[in-house]
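Visitor: Residues per chain are reported as follows:
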Amino acid sequence: MNENQEQAVVDSGKGSLSDLWKKEDYWAIWLGFFLLILGMIIYFPNAPKGAEEQIAKANATLKAEAKRAPFKTIAWYDASDSKKKPRATNSDIGKWIRKFTSNTHGWKANPLDAFYKSKAAVDAANAKAKPKYEEAKKVAVAALAKAKAAEAAAGAAGFKDEKLNAGAVSDIAAWRSATAKESKAKGKASVKPYNQIFYLIGVMICIGIFFGIGTVVMGRPFGAFFKGFIFVFIVAVLAYVAEDQATAKYWGIGYAAWAILFGMLISNTVGTPEWVKPAVQTEYYIKTGLVLLGAEILFGKILSIGIPGIFVAWVVTPIVLVCTYIFGQKVIKMPSKTLNITISADMSVCGVSAAIATAAACRAKKEELTLAVGLSLVFTAIMMVAMPAFIKAVGMPHVLGGAWMGGTIDATGAVAAAGAFLSDQALYVAATVKMIQNVLIGVIAFFVALYWVAKVERVPGQKVSTMEIWYRFPKFVIGFIVASIVFSLIYGAVGKDMGYVIIDHGALRGFSRIFRGWFFCLAFTSIGLATNFRELKEYFKGGKPLILYVCGQSFNLILTLLMAYIMFYLVFPEITAKI
Amino acid sequence: MIQKDSNHVKRSKKKGAFILVGFILLIWIFLYYIGPWAANIPMVRPLLNFVEENDIDAGAYYYTDVEEFAEAEFAINQSMTYSPKKN
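Line by line, the protein sequences give chains A and B.
Residue numbering for the first sequence follows numbering that gives the first Met the number 0, beginning at 0 and increasing consecutively.
Residue numbering for the second sequence follows numbering that gives the first Met the number 0, beginning at 0 and increasing consecutively.
If you're looking for bench data, these hints aren't it; they were derived computationally from the structure.
Where hints are given, some of them may not hold.
As the list claims (entries may be wrong) - Straight-line distance between alpha carbons at most 27 Å, and here's what the computed DSSO-like set of lysine-lysine pairs gives:
#, chain 1, residue 1, chain 2, residue 2
1, A, K159, B, K84
2, A, K495, B, K84
3, B, K84, A, K62
4, B, K84, A, K83
5, B, K84, A, K56
6, A, K162, A, K118
7, A, K145, B, K84
8, A, K66, B, K12
9, B, K13, A, K226
10, A, K162, B, K12
11, A, K536, B, K12
12, A, K226, B, K12
13, A, K226, B, K9
14, A, K276, B, K84
15, B, K14, A, K276
16, B, K9, A, K162
17, B, K84, A, K536
18, A, K276, B, K12
19, A, K536, B, K13
Start from the sequences and build out the full structure, keeping to the hints where you can.
Guide: Below, the structure is given as structure tokens:
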């Protein structure tokens, strides 16, 4: 029986009650849900006191100012700033969790700075950064005075003089930009000393025990797992250290790439030690991380920028995904369907996170995920640099450019970099389109999993029953979808404003995201530790993955630009005018 | 025979360790020399300087990992809900 036949769906699958505690997929769900519930228990009662009143007051000001003037006034921005201050992550417990679970710190020349910085070193760095902060503060104060004068002049004319209005808009924009610079300079001049080593040991023990419990119940010895886990965790920490190095940071080389690289270097040179292997549990870590990721998929967010955003992110993306997959099968004749769909999702949706979800949903091989991540990394770096340069060179409107970049650049962080480099307006649109696209991961993972068990893995010509589909369906995807639906419902029930305080900046950014990052990093480390470089080379034979990526991305670039132009400039120009 | 195999394993471990050190050296060269040198190419420099100055995590994988996304989403929400009425 060949490999394909072994994986084929036949009407013989059976499930039993003990699957609930014996199978990795279910453990991913239980562990993921445990963390999500814990996050809710910690953060939901910890909204800052008076947050609702503060938000209501700010909303009243925003409403009044929106009526008073034809542009966003200083009071409008002040109200907006005051509204975003209350965050559950700023509570005492939130700050403690952040401190305890942080990975490593940024560094430039000395890797030890990633773990430890003394008070003397921090004081010296702060003193060096202080003059720049003082200068930025002065500029911000002057810009505010100028903006106030311009707004007053426009107000004195009853906001009817277009020239005065335009002057006020420009001066207010300059004040906002100066304030943002001041805030960044303040951050650099007020660094606190840190010693992350003991916290990292604490995180290692907590996560080791966390996964160890499931390991024991699934019938594997805890001691052997934990011993190996220490090694895997240390390599994962090294991946975070590399990500935090200044050069890696501005080139956008994230922990996934480093974790795979370090793991592969070890496994292909000195070899992964036998005693480490019980902890090389790629699927266990990745599935638990994906259940946590489900909570970050909030469906309420897809309406953030109205219908144009949905068209750019939710219509173009599936079209590109399906067309690229078909192109890969019919024209390029990709040797592996799982590699084809993983690269197609990675390229059309949002890079690494989409690749992880899709690869897990269709049970792609670790080498295939590695290849998809590698391709995404290279093209993200190229597009992050080339797209803003091109948009600037041709004088493309920033709303259009933002939507284009948001819909096409793979990595989310690179979208932020390229968008912010162009302008605030480009960043807002790019980030919002990308965020809506991020939400699509849940839908894509679900349908890929379903398509795989119902169509791809079945014996040709054989009918597959619903029960069989259920037996074969990767159960962690159910956990992933349930987490998404539950958090979307809670987000909808508490409303956007309070959702921002206790969900976005509470249970998600303050808890589940942190652990999800660690779990993915452990998963990528495990992938590297179990990957044979020679086998990886086989998947790249003939350069087919590269051809698929380039063709798919070219189609993506054309279709996204076209759709963004039609939606933002022809069909909904009034939405564009609001941005 | 066993002695021969054990010598072979030792030799191959030694060779592996040398290759590992070699790759670590290559990574170090990239981070300290090649990466910063490539970042000085005129077309690339403005963007990478901007990313470094603003401490943007260009390698982040999901929207919740990037602070700029929270800012952007918030700004768009405010603009859509409390958009000033044009004259």
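Visitor: State for each hint whether it applies.
Guide: Against the structure, the hints come out as follows:
A hinted pair counts as satisfied when its Cα atoms are at most 27 Å apart, and K159/A with K84/B qualifies at roughly 12 Å. Of the pairs offered as hints, the one joining K495/A and K84/B holds, with about 22 Å between alpha carbons and a cut-off of 27 Å not exceeded. At roughly 10 Å between alpha-carbon atoms, K84/B and K62/A fall within 27 Å of each other, so this suggested pair holds. Pair hint K84/B plus K83/A holds up; C-alpha atoms about 23 Å apart against a cutoff of 27 Å.
For the given pair, K84/B sits about 20 Å from K56/A by alpha-carbon distance, which is consistent with the 27 Å threshold. Taking the CA atoms of K162/A and K118/A, the gap is about 52 Å. The hint is violated against a cut of 27 Å. At roughly 23 Å between alpha-carbon atoms, K145/A and K84/B fall within 27 Å of each other, so this suggested pair holds. Among the hinted pairs, K66/A with K12/B is inconsistent with the structure: their alpha-carbon atoms are about 74 Å apart, more than 27 Å.
At most 27 Å may separate the alpha-carbon atoms for a hinted pair to count; K13/B and K226/A meet this at roughly 24 Å. Distance hint between K162/A and K12/B is unfulfilled; the C-alpha atoms sit about 75 Å from each other, more than 27 Å. The suggested pairing of K536/A with K12/B holds, with an alpha-carbon distance near 22 Å, which does not exceed 27 Å. For a cut-off of 27 Å, the pair hint linking K226/A to K12/B stands: about 22 Å separates their Cα positions.
Our distance criterion of 27 Å between C-alpha atoms is met by K226/A and K9/B, whose separation comes to about 24 Å. Of the supplied pair hints, the one linking K276/A and K84/B is violated, its CA atoms being roughly 63 Å apart against a limit of 27 Å. At roughly 22 Å between alpha-carbon atoms, K14/B and K276/A fall within 27 Å of each other, so this suggested pair holds. Distance hint between K9/B and K162/A is unfulfilled; the C-alpha atoms sit about 80 Å from each other, more than 27 Å.
Of the supplied pair hints, the one linking K84/B and K536/A is violated, its CA atoms being roughly 59 Å apart against a limit of 27 Å. For the proposed pair K276/A and K12/B, the alpha carbon gap of about 18 Å is at most 27 Å, so the pair holds. The suggested pairing of K536/A with K13/B holds, with an alpha-carbon distance near 24 Å, which does not exceed 27 Å.
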